[in-house]
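Peer 1: Sequence:
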Amino acid sequence: MSPVLIIQDVHIDIYGRLRRGCVKFTPDGIYCFEKATGQKRTLRVKYLMRIENIFLGTKQGLRMTTRHGELLRFGQLNKIQLEEARIFMAVNWKKRLLKLDSLTKNWILKDSKDSPPPEPKKEVPDGSLKLKKQVLWPLHVKPSYKLPLFNPKYSNFQLHRRSTKAKKLHL
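With numbering that gives the first Met the number 0, letter number 109 in the sequence shown gets 108, and the count goes up by one each step, no holes.
Since the hints were derived computationally from the structure, they do not count as laboratory data.
Computed from a prediction, not measured in an experiment: that's the story for all the values here.
Please note that a few of the clues may not be correct.
Here are the in silico distance ranges between beta carbons for each label pair [claimed, not checked]:
(1) Gly15 to Val90: 30 to 40 Å
(2) Ile79 to Gly56: 17 to 27 Å
(3) Arg95 to Val3: 16 to 26 Å
(4) Lys93 to Ala35: 26 to 36 Å
(5) Arg43 to Ile5: 15 to 25 Å
(6) Arg16 to Val90: 24 to 34 Å
The calculated BS3-like cross-link candidates involving lysine-lysine, where the alpha carbons are at most 30 Å apart (straight line), are [said to hold, decoys possible]:
(7) Lys34 to Lys94
(8) Lys45 to Lys94
(9) Lys58 to Lys98
(10) Lys78 to Lys23
(11) Lys23 to Lys39
(12) Lys94 to Lys58
(13) Lys78 to Lys58
(14) Lys94 to Lys23
(15) Lys23 to Lys45
(16) Lys39 to Lys94
(17) Lys93 to Lys78
(18) Lys78 to Lys98
(19) Lys39 to Lys78
Glycine residues also receive a C-beta, built at the ideal position from the N, C-alpha and C atoms.
Produce the complete structure using the sequences and hints provided.
Peer 2: So this is what it looks like as structure tokens:
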């Protein structure tokens, strides 16, 4: 395996925006170059904590986190590029590519043990079917307070009137 792997035309996530660029893997670090602005970013391999396989947009990508809390995500990789990156990481960095399960799939597809069993379908008089299956989340009971949207006691008009009265009294 060569000591450098360059992946062209990937989408790099920079501060929440996907931008086109290229990524260069070397034995000591990862170098990202964003094409439109010319911004460069470097991550050292010795600081990497996790490398995960994710979906970024509609295609597969990689998510890398460091000990210092930095996050690097890039996507739009095809299967060949992803396999090359996985082999490069295993050979040169001695790190594994973890598969990240999306949380949304877990809570949609799995039923909670505490939730009641789903009821069968019931027919509504107009002929349509009504489904009774629900997904329930346990919530902590906390006191809540209602705040009025408009309180005449502390409206801007009242505060203005009070301040003018205070000014008159002090003059």
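Peer 1: Does each hint hold? Answer for all of them.
Peer 2: Now for the hints, and whether the structure bears them out:
Between Gly15 and Val90, the C-beta spacing of about 32 Å keeps the proposed range 30 to 40 Å intact. A beta carbon spacing of about 18 Å between Ile79 and Gly56 agrees with the range 17 to 27 Å that was offered as a hint. Checking the proposed 16 to 26 Å range against Arg95 and Val3 shows it holds: the Cβ atoms sit about 21 Å from each other. A hinted range of 26 to 36 Å holds for the C-beta pair Lys93 and Ala35, which are about 34 Å apart.
Separated by about 18 Å at the C-beta atoms, Arg43 and Ile5 satisfy the suggested range of 15 to 25 Å. Under the hint 24 to 34 Å, the C-beta atoms of Arg16 and Val90, about 32 Å apart, fit the expected range. Taking the CA atoms of Lys34 and Lys94, the gap is near 28 Å; set against the 30 Å cutoff, the hint holds. As the CA atoms of Lys45 and Lys94 are separated by approximately 11 Å, the hinted pair is consistent with the 30 Å bound.
The hinted pair formed by Lys58 and Lys98 meets the criterion: a straight-line CA distance of about 14 Å does not exceed 30 Å. Under the criterion of a C-alpha separation no larger than 30 Å, the hint pairing Lys78 with Lys23 is consistent with the structure, at around 17 Å. Distance hint between Lys23 and Lys39 is fulfilled; the C-alpha atoms sit about 11 Å from each other, no more than 30 Å. The hinted pair formed by Lys94 and Lys58 meets the criterion: a straight-line CA distance of about 22 Å does not exceed 30 Å.
A threshold of 30 Å between alpha carbons decides the hint, and for Lys78 with Lys58 the separation of about 9 Å falls inside it, so the pair holds. Restraint check for Lys94 and Lys23: the C-alpha separation of about 17 Å stays at or below 30 Å, so the hint holds. Taking the CA atoms of Lys23 and Lys45, the gap is near 16 Å; set against the 30 Å cutoff, the hint holds. Note on Lys39 and Lys94: the hinted pairing holds, with a Cα-Cα distance of about 24 Å set against a maximum of 30 Å.
For a cut-off of 30 Å, the pair hint linking Lys93 to Lys78 stands: about 21 Å separates their Cα positions. Using a Cα cut-off of 30 Å, the hinted pair Lys78 and Lys98 holds, with the two alpha carbons roughly 14 Å apart. For the proposed pair Lys39 and Lys78, the alpha carbon gap of about 25 Å is at most 30 Å, so the pair holds.
The structure shown violates none of the earlier numbered hints.
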